[in-house]
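Asker: Following the hints, position chain U against chain D.
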Amino acid sequence: EVQLVESGGGLVQSGGSLRLSCAASGFTFVNYWMHWVRQVPGKGLVWVSRVNGDGTSTTYADSVKGRFTISRDNAKNTLYLQMRSLRAEDTAVYYCAKSLKSLYDFSPWGQGTVVTVSS
Amino acid sequence: QSALTQPASVSGSPGQSITISCTGTSSDVGTSDYVSWYQQHPGKGPKVLIHEVNNRPSGVSNRFSGSKSGNTASLTISGLQAEDEADYYCSSYASTTSGVVFGGGTKLTVL
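Note that the protein sequences, when read in sequence, are chains D and U.
Here the first sequence stands for residues 1 to 119, numbered as in the working numbering.
Here the second sequence stands for residues 120 to 230, numbered as in the working numbering.
Okay, chain D solo, but in the shape it has when bound (with noise of 0.2 Å):
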């Protein structure tokens, strides 16, 4: 089964940084593109970042461009964002996802992990 954890999330002052971490199984890792995505509670979803399978493509979202930064470790079968500057705006659930057939369509999604940016 194809699973997806995420974790890493917590409680952060404006300004400050946070690492992202996300945990694939059940499927041949390096072969997919992996997705960021966030979502405000109560909101809608928001595409942040995506990386290729061997980590050496990468693009972001105008709002984190510059202050985010998607990487892959394929040895561990681990997702990252490192999340710099962060701003109050940023506060959301992110989800990590796995890329379904193109790089525009995810499929599975982990369950979440909640990132909170205090001013």
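Just so you know, not all the hints are guaranteed correct.
[Claimed, not checked] With beta-carbon atoms standing in for the labels, derived distance ranges:
| # | chain 1 | residue 1 | chain 2 | residue 2 | range |
| --- | --- | --- | --- | --- | --- |
| 1 | D | Arg87 | U | Ser197 | 36 to 46 Å |
| 2 | D | Lys101 | U | Lys226 | 22 to 32 Å |
| 3 | U | Ala127 | D | Phe27 | 32 to 42 Å |
| 4 | U | Glu171 | D | Gly53 | 12 to 22 Å |
[Unchecked claim] Heads up, simulated DSBU-like pairs for lysine-lysine below, C-alpha to C-alpha not over 30 Å straight-line:
| # | chain 1 | residue 1 | chain 2 | residue 2 |
| --- | --- | --- | --- | --- |
| 5 | D | Lys76 | U | Lys166 |
| 6 | U | Lys187 | U | Lys166 |
| 7 | U | Lys226 | D | Lys101 |
| 8 | U | Lys163 | U | Lys187 |
| 9 | U | Lys163 | D | Lys76 |
| 10 | U | Lys163 | U | Lys226 |
| 11 | D | Lys101 | U | Lys166 |
| 12 | D | Lys101 | U | Lys163 |
| 13 | U | Lys226 | U | Lys166 |
| 14 | D | Lys43 | U | Lys163 |
| 15 | U | Lys187 | D | Lys43 |
| 16 | D | Lys76 | D | Lys65 |
| 17 | U | Lys226 | D | Lys43 |
| 18 | D | Lys43 | D | Lys65 |
| 19 | U | Lys187 | D | Lys101 |
| 20 | D | Lys65 | U | Lys163 |
[As the list claims (entries may be wrong)] Partial chain D-side listing against chain U, Cβ under 7 Å, derived:
| # | residue |
| --- | --- |
| 21 | Gly44 |
| 22 | Leu45 |
| 23 | Trp47 |
| 24 | Thr59 |
| 25 | Trp109 |
| 26 | Gly110 |
| 27 | Gln111 |
| 28 | Gly112 |
The hints are simulated quantities; they were obtained by calculation from the structure and are not laboratory data.
None of these values were measured; they are calculated from a predicted model.
Idealized CB from N, CA, C, for every residue including glycine.
Answerer: Chain U only, in chain D's frame:
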């Protein structure tokens, strides 16, 4: 404000059919083959229902179907069941950013 526009809520009775619309622009839905639909129950991660406009992954009920006309995509759920009560989100490739944009979500209530 979300990039794609969905109705905030829809409702239907068990057994009925409903359709949720998702309106974008010529920079996303209108020119994209990559429109997807997701179902999200409270406290859970989203689950894909439709990808590439009208493709259903294995394991997804054939009660769910997708289509697109111009800048508007649609998700139809036939034979409504109580467990269909959830939030539904559309998404599309966006050529201006090479990223993915989502709709604001639609809450489906099964009466």
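Asker: Now, for every hint given, state plainly whether the structure supports it.
Answerer: Quick rundown of the hints versus the structure:
1. D:Arg87 x U:Ser197: 36 to 46 Å: 43 Å, holds
2. D:Lys101 x U:Lys226: 22 to 32 Å: 28 Å, holds
3. U:Ala127 x D:Phe27: 32 to 42 Å: 35 Å, holds
4. U:Glu171 x D:Gly53: 12 to 22 Å: Check passed, 20 Å falls within 12 to 22 Å.
5. D:Lys76 x U:Lys166: This hinted pair holds, its Cα atoms lying about 25 Å apart.
6. U:Lys187 x U:Lys166: 20 Å, holds
7. U:Lys226 x D:Lys101: 27 Å, holds
8. U:Lys163 x U:Lys187: 27 Å, holds
9. U:Lys163 x D:Lys76: Cα-Cα ~25 Å, so holds.
10. U:Lys163 x U:Lys226: Given that 30 Å is the threshold and the Cα spacing comes to 15 Å, the pair holds.
11. D:Lys101 x U:Lys166: 14 Å, holds
12. D:Lys101 x U:Lys163: Measuring from Cα to Cα gives roughly 22 Å; hence the hint holds.
13. U:Lys226 x U:Lys166: 15 Å, holds
14. D:Lys43 x U:Lys163: 14 Å, holds
15. U:Lys187 x D:Lys43: 25 Å, holds
16. D:Lys76 x D:Lys65: 26 Å, holds
17. U:Lys226 x D:Lys43: 11 Å, holds
18. D:Lys43 x D:Lys65: 22 Å, holds
19. U:Lys187 x D:Lys101: Holds: U:Lys187 and D:Lys101 sit about 19 Å apart, inside 30 Å.
20. D:Lys65 x U:Lys163: Satisfied, since the Cα-Cα distance of roughly 27 Å is no more than 30 Å.
21. Gly44: 5 Å, holds
22. Leu45: 4 Å, holds
23. Trp47: 4 Å, holds
24. Thr59: 6 Å, holds
25. Trp109: OK, holds: D:Trp109 within 7 Å of chain U, min 4 Å.
26. Gly110: 6 Å, holds
27. Gln111: 5 Å, holds
28. Gly112: Constraint on D:Gly112 satisfied, holds at 6 Å.
Consistency with the previously given hints is maintained throughout, with no hint failing.
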